[in-house]
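Sequence lines, in order, name chains S and B. The opening residue of the first sequence carries number 524 in my numbering; numbering runs sequentially from there. The opening residue of the second sequence carries number 524 in my numbering; numbering runs sequentially from there.
Hints may contain errors.
Pairs count within a copy or across copies, as identical chains cannot be separated in the list.
[Said to hold, decoys possible] Restricting the straight-line Cα-Cα distance to at most 25 Å, the calculated cross-link-like pairs of lysine to aspartate or glutamate (DMTMM-like) are: (1) K609 <-> D720; (2) K534 <-> D583; (3) K534 <-> D699; (4) K534 <-> D746; (5) K534 <-> D701; (6) K649 <-> D766; (7) K708 <-> D583; (8) K609 <-> D583; (9) K570 <-> D666; (10) K708 <-> D596; (11) K570 <-> D746.
It should be emphasised that the hints constitute simulated quantities derived from the structure, not laboratory data.
There are 2 protein chains.
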Amino acid sequence: MITSLQNARVKQVVRLRQRRHRESEGLFLIEGYREIQCAVDACIGVKALFTCEQFYGHSDTRTLVRRLVENADISIEPVSREVFAKISVRENSDGLLAVAPSPAWPINDMQVPPNGLFLISTATEKPGNLGTILRSADAAGVDGVVVCGSGTDVLNPNVVRASLGTVFSVPVAQADADSVRSWIKRHTLWTIAATPDADRLYTEVDMVRPCAVLMGSEHAGLDGEWLNSADERVRLPSVGQADSINVAMAATVMLFEARRQRGIESTD
Amino acid sequence: MITSLQNARVKQVVRLRQRRHRESEGLFLIEGYREIQCAVDACIGVKALFTCEQFYGHSDTRTLVRRLVENADISIEPVSREVFAKISVRENSDGLLAVAPSPAWPINDMQVPPNGLFLISTATEKPGNLGTILRSADAAGVDGVVVCGSGTDVLNPNVVRASLGTVFSVPVAQADADSVRSWIKRHTLWTIAATPDADRLYTEVDMVRPCAVLMGSEHAGLDGEWLNSADERVRLPSVGQADSINVAMAATVMLFEARRQRGIESTD
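Please build the complete structure, drawing on both the sequences and the hints.
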């Protein structure tokens, strides 16, 4: 059992909270029973599992750990309560923290079905909002979420957490803006920019055609290049206080409107 | 300046985090520039304002404090950094914490316009979710939010915070379930229960008529009495993982669907 806060593996885990270390080491963190279960279901090959039995929260935790132990390539690292408190970002992570190789999720691998519906997060800053966007994308049955920009990346531990593991069930791609624009063009996706300055309401555009909803950052919205290149600019109704709805709630509303227009339980 | 953590007024503020103390003292807490501004705009009569200049975050903070000072009935209490850290629930509350008399918000004072649209939160447990529901209700232009049950009350400091002050702009009522049911009956509101077990989709019901959307708790949903007494039971589409959408997002989606059906920028 690892009991020292100075242990090299403990230090490595703490480093992986930072994007630059995730990128240089090609590894990321997954905390919590549900999230690790979703990752395993999505064939993410967990390399190491740090466990702290005192925090086991979910009744099936031991079954999941056993299932992982049966995989010869994984190292199981029991740690003390103090060490677990240090390596976990969340308060309640069920006594489980996994380290896994970062999936590359290249944009060119993203499947585009004939009537594809996509959400493009160009600059979401808060991990909680990006996580919520992923949950809504999953619930609304989008064909993929594309994350671009140099801000919060989709493998940030708090995004993984806030997504409740849906980051592993929704198709995800990560790429720079130029690659995303080329991909949009190649697949002739209609782009719909969400911006408070638009004249048209989000309910007035056709979201049945192959399309991508573009969301900007919490504070500045979409940048000029995205706004100008979009095929449509739409806004939510503004009957309440300014800013009472945030980027994640706006994305949720737009994706469910697309699902409504498309015939709600078809995922074609 | 108050510098002692043992000061009686400091202890009173800390006590007001608990519902029973809010109820016995008839007072509640409002943290943050925006939230206090919204409360003042809504004619909530702030009685005391605790200030800590080192944390002033908003450029108009001094203007707001001056505006409050001009009110003869208010006591302004500058406090030390340590005291402010103790009394504030949030990390970033702009160095401002107000104590105000709890509005009663009785259900019988809730105005019901001819085509009223209401959201009834029967048992929301997490303050963050109730706050989000209030934000969405504000953005979607509902005529009121009714909070019932003995769980999280609408004056919980974290609800006030998560609502971004919309708790003061949306008409709110708080009442026990029986009073809410009598009020629904008196105003002949059509009740639409959100539950994953419904056959009908939320887009298939008429939300143009005077109606109330009923939301349950995060874990158990609506209780049997609410479910059985509802005029309609509806669900969101379930194309993604089970549970990928939570009570607050579901409420957001339903309220914006009602707004869409009603002609989106009319608030009649």
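Going through the hints against the structure:
{"no.": "1", "hint": "K609 <-> D720", "verdict": "neither (44 Å within a copy, 41 Å between copies)"}
{"no.": "2", "hint": "K534 <-> D583", "verdict": "neither (29 Å within a copy, 43 Å between copies)"}
{"no.": "3", "hint": "K534 <-> D699", "verdict": "neither (30 Å within a copy, 52 Å between copies)"}
{"no.": "4", "hint": "K534 <-> D746", "verdict": "neither (37 Å within a copy, 47 Å between copies)"}
{"no.": "5", "hint": "K534 <-> D701", "verdict": "neither (36 Å within a copy, 56 Å between copies)"}
{"no.": "6", "hint": "K649 <-> D766", "verdict": "both (16 Å within a copy, 22 Å between copies)"}
{"no.": "7", "hint": "K708 <-> D583", "verdict": "neither (45 Å within a copy, 45 Å between copies)"}
{"no.": "8", "hint": "K609 <-> D583", "verdict": "within (24 Å within a copy, 39 Å between copies)"}
{"no.": "9", "hint": "K570 <-> D666", "verdict": "neither (28 Å within a copy, 53 Å between copies)"}
{"no.": "10", "hint": "K708 <-> D596", "verdict": "neither (41 Å within a copy, 63 Å between copies)"}
{"no.": "11", "hint": "K570 <-> D746", "verdict": "neither (38 Å within a copy, 43 Å between copies)"}
Violated hints for the displayed structure, listed by number in ascending order: 1, 2, 3, 4, 5, 7, 9, 10 and 11.
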